[in-house]
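Keeping their order, the protein sequence lines are chains A and B. Per the working numbering, the very first residue in the first sequence carries number 1; after that it's consecutive. Per the working numbering, the very first residue in the second sequence carries number 1; after that it's consecutive.
Derived by calculation from the structure, the hints in this document are not laboratory data. Ideal Cβ placement from N, Cα and C applies to all residues, glycine included. Wrong hints could be hidden among the right ones.
What the hints assert, rightly or not - Simulated DEER-style distance windows between Cβ atoms: (1) B/Leu62 / A/Gly96: 38 to 46 angstroms; (2) B/Asn179 / A/Asn90: 33 to 41 angstroms; (3) A/Gly96 / B/Asn28: 55 to 63 angstroms; (4) B/Pro311 / A/Val167: 51 to 59 angstroms; (5) B/Met24 / A/Thr194: 20 to 28 angstroms; (6) B/Ser228 / A/Ala100: 56 to 64 angstroms; (7) A/Gly96 / B/Pro79: 41 to 49 angstroms; (8) B/Ala40 / A/Gly96: 54 to 62 angstroms; (9) B/Gly45 / A/Glu160: 32 to 40 angstroms.
Stated by the list, open to error - Listed below are the simulated DSS-like cross-link pairs for lysine-lysine, each with C-alpha atoms no more than 25 angstroms apart in a straight line: (10) B/Lys231 / B/Lys365; (11) A/Lys163 / B/Lys139; (12) B/Lys364 / B/Lys385; (13) B/Lys365 / B/Lys301; (14) A/Lys58 / B/Lys8; (15) B/Lys365 / A/Lys58; (16) A/Lys126 / A/Lys58; (17) B/Lys150 / B/Lys192.
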Amino acid sequence: MKNATKSSISHKEAAYLLPLGAGFVMASSADLRAALGMGAAVILATFLSAVVISALRKIIPSRAHLPIYILIITGFVSLIDMMMQAYFPNVVNMLGVHLAALAVSAVPYRNAEDVAGENVETTTIKTALETGFLFTLIMVLCALIREVLGNASIWGVSIEFLKDYRVSALSGVFGGYLVLAIVFAVIRTIHDKTTTKKEGTD
Amino acid sequence: MKRTDLIKSIALLLVIVAVFSAAMFGLNIHTAPLIEANNASAKFGPLLAVLPEGASFDADALIYDAVAPEGSSLTDVPPSVTAVYREASGLGYAVRVTATSQYSSAPMEISLGVSAEGKIFNVQIDSYNDSEAFDFRAKDPEYLSTYVDKDSALTDVGTVAGSTYSSTAFKTAVEEAMNALIANSLIAEGVKSDDQLLMELLPTIFTGMSNNGMMQTEEIEASGNMLSGVKALNDSGFAYIMTEGDATLLVAVNAFGTGKVFDVEGNDVTDAHASLVEEAKAHADANQTSYEEPAVARFEKLMEGAANMQPLPLDTFSSVVAANSFQVGEDTYYGFCARSYGYDIMDVYVVLDASGAIVKTDAKKLFFDEEYFNVDDDVDQPAYKDSFTGLTQDTWTGDNALIAGATMTSNAMQQAVTDAFEAFQAVQNGGTVE
Chain A
1 MKNATKSSIS
11 HKEAAYLLPL
21 GAGFVMASSA
31 DLRAALGMGA
41 AVILATFLSA
51 VVISALRKII
61 PSRAHLPIYI
71 LIITGFVSLI
81 DMMMQAYFPN
91 VVNMLGVHLA
101 ALAVSAVPYR
111 NAEDVAGENV
121 ETTTIKTALE
131 TGFLFTLIMV
141 LCALIREVLG
151 NASIWGVSIE
161 FLKDYRVSAL
171 SGVFGGYLVL
181 AIVFAVIRTI
191 HDKTTTKKEG
201 TD
Chain B
1 MKRTDLIKSI
11 ALLLVIVAVF
21 SAAMFGLNIH
31 TAPLIEANNA
41 SAKFGPLLAV
51 LPEGASFDAD
61 ALIYDAVAPE
71 GSSLTDVPPS
81 VTAVYREASG
91 LGYAVRVTAT
101 SQYSSAPMEI
111 SLGVSAEGKI
121 FNVQIDSYND
131 SEAFDFRAKD
141 PEYLSTYVDK
151 DSALTDVGTV
161 AGSTYSSTAF
171 KTAVEEAMNA
181 LIANSLIAEG
191 VKSDDQLLME
201 LLPTIFTGMS
211 NNGMMQTEEI
221 EASGNMLSGV
231 KALNDSGFAY
241 IMTEGDATLL
251 VAVNAFGTGK
261 VFDVEGNDVT
271 DAHASLVEEA
281 KAHADANQTS
291 YEEPAVARFE
301 KLMEGAANMQ
311 PLPLDTFSSV
321 VAANSFQVGE
331 DTYYGFCARS
341 YGYDIMDVYV
351 VLDASGAIVK
361 TDAKKLFFDE
371 EYFNVDDDVD
381 QPAYKDSFTG
391 LTQDTWTGDN
401 ALIAGATMTS
411 NAMQQAVTDA
421 FEAFQAVQNG
431 GTVE
C-alpha cells in the first residue's frame, strides 16, 4: 500500500485523478489568479481533511465513512471559503460557486479514501499535499495557456502586443475543455510511456 | 450495522458537527466584518470612485432603483438611469447610468458623481461595450476629465472625433443623469452659454451636418469675429459662432457658398448681419472642398449625351454638395450629389427630369466592406438603384431605400434621395427652399 501511495503522486495518479476534477479545473483555469486561488483551496482542503481523517480512521465505522468524510471535507471547505471571502474577495468572485462546490468534488473524497487506508501519517500528509499541488500545477498550466492566448493578459494585466492575436474561444467553456483535454492527453502519454518502459525493465 | 457502530457513528457525526460549528463561529467573529466591508466595497466601489475621498453611503443611500421605481419618490427618471444614491453626509449624489450607441454590443455602464451644488465630481465607465475601434477613451484619454467640475450645461464638453456615436451616447447619458437630478430638485440646473444654445440649434438648421440628430463635424480654428467654428465631415458646409456687438450668433455656410445667420432663438437674422455672412463665406470659400468636378463626371457617365452642364446655386443646408442642370438632346435634367451618412460617408448621385421624377440613382460605393458581410453579394445593386426610377417627391415614401440587414446604408440612401428632392424643389423656386 505504501508503495502504491508513493507511486500515485506521479503522472500515473494525475492521469487517474484529472477526470475527477475536470469540472473545477476547467472553471478555475480561465485566469491565473483564480487558478492559484482554487489551487490553494484544494491544497488546504485535501491536506486538512487528510490529517483529520487519518487521525480518526481507527474510530470511523467502515459503513459510516462516506457521511463522515463528506462532513469533514465540507467543514474545511466552508472554513476556507470564509477565509477567502475575507482576505481574497476578488478571487472568490472569479471562482463563484465552484469554490463551494469543491466540498462535493471527487478529488478530496478520493484522497480521503486513499489516506484512510494508510497507516503512516507522514505518507498520508505527503499524499494529500502532492494531490493538491498536482492539481494546482495543472490549473496554473491551463490558466497560463487560456489567459495569455485567450485573453491576451497575465495576472489581469493586458499584454498589448497579443491583443490582436488572441483566441477568445480559449477563455470560454469550449476553450477550457480543449486546453484541459490537451493537458490530459500529454499526461496520459507520459504515463503510458513510463508504464511501458517500466514493464519492459521488469 | 451493529448497534455499537450505529451509536459510534452518530456520536462521531455529532462531534464533527459540533467542532466545525465552533470553528465556523470563531472564524465568523473575525471574518464577518471583513466580508461585510468587502461586499460594501464591491457594491459601492465604482460609486465611491466618482465621489471625493471620505464619502460614504448609509443603509438609505439608494433613493432610486430602476428595478423597483415604484419604491422611489423620484419621478421623470429616464430609462438610462438605473440607480441614484445619496451620499451619507450630504456631499451629493452618485448615479449609475447606461449609454447605448449603434456600435453597442450591450449598454455602456457609467458611474457619475455630482455635488449637491450640481457640479460633476467625477465620471467613469464601469463597463465599456462599444466597438473597440471607436473607443473614445483611447482616442482621447483626457475626454472624461473634461466633465469634471461642470454643471448640467456641460460647457465646453464636446464629443470625440472618430468616435462620434460612442462619445455622443456617453455625453447624452451624462446629460440624462443630470436631468434626472434636476427634475427632482436634487441639484440646480446649469445655465447654458449662448454659443452652446446656438450649437444645439445646428442639427435642426443644418441637417446635412448631422446624422440622426448627432453632429458630424470637426472643429476648425477660429479667426476674426469667430468664437469657434465647425466643418461638416461630409463637406456639406461650415458653421461658426460669431459675435457682432453684444450679440452672439450662429452663421452657417453651405457647400454652395450660401450663408445664413441665426440668433439664439433660432430666428433667421441674416439681413441684419451681412458683414458676418461675408466674413464666414470668405473663410468657407478658402476651405471648402468642391465636388463639382466628380459630380459632373458621374452625371455624364449616367446620362449618355449629357451636355451644357450648369452649376446650380442652392440655399439648402442638407447633405447635397453639388448640383447641376444639363441637357440630353432637348430635355433638361437636374443632377444632385449628396454626401449622406451610412456606415461611412456615402456619395449618392440622383438625376431628376424636368418634372421632378428620378431618372437615375447611383452611389460611388453602396456598401462598405467592414459593414455587411453578405449584403454586398446578396443585393442586386443595379436593380436596387433602378427601383428609385420614376419616383417623385409626392410618391417618395422612403421605403424604396430599405435593404434588409443594411440599416445604415438604407438610412443614408433615404436621406440622400430626400435631400435631392428638396434641392430640386429649391431649384424650381430659384434656388430657395420654400
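Inset, instruction - Using the beta carbons of B/Met24 and A/Thr194, state whether their distance is inside 20 to 28 angstroms or not. - result: Since the Cβ atoms of B/Met24 and A/Thr194 sit about 43 angstroms apart, the hinted range of 20 to 28 angstroms is violated.
Legend entry - 25 angstroms limit on alpha-carbon distance, applied to hinted pair B/Lys150 and B/Lys192: Given that 25 angstroms is the threshold and the Cα spacing comes to 11 angstroms, the pair holds.
Legend entry - Range hint 41 to 49 angstroms (beta carbons of A/Gly96 and B/Pro79) holds or violated: violated (30 angstroms)
Inset, instruction - Would you check the hint for B/Lys364 and B/Lys385, treating anything up to 25 angstroms between C-alpha atoms as holding? - result: holds (12 angstroms)
Inset, instruction - For the pair we were handed, B/Lys365 and B/Lys301, check the Cα-Cα distance against 25 angstroms. - result: holds (15 angstroms)
Legend entry - Straight-line alpha-carbon gap A/Lys126 to A/Lys58, limit 25 angstroms: Distance ~20 angstroms between A/Lys126 and A/Lys58 Cα, so the pair holds.
Inset, instruction - Below or equal to 25 angstroms on CA atoms is what counts here, so check B/Lys231 against B/Lys365. - result: holds (23 angstroms)
Inset, instruction - Take a look at whether the Cβ-Cβ distance between B/Ala40 and A/Gly96 falls inside 54 to 62 angstroms. - result: At roughly 20 angstroms between Cβ atoms, A/Gly96 and B/Ala40 fall outside 54 to 62 angstroms, so the hint is violated.
Legend entry - Hint check for A/Val167 and B/Pro311 - Cβ pair distance inside 51 to 59 angstroms: holds (55 angstroms)
Inset, instruction - Please work out if B/Lys365 and A/Lys58 have their alpha carbons no farther apart than 25 angstroms. - result: violated (83 angstroms)
Legend entry - CB-CB spacing for A/Asn90 and B/Asn179 relative to the 33 to 41 angstroms hint: holds (35 angstroms)
Inset, instruction - Given the range 56 to 64 angstroms, decide if the beta-carbon distance of B/Ser228 to A/Ala100 lies inside it. - result: holds (59 angstroms)
This entry does not satisfy hints 1, 3, 5, 7, 8, 9, 15, going by the numbered hints stated previously.
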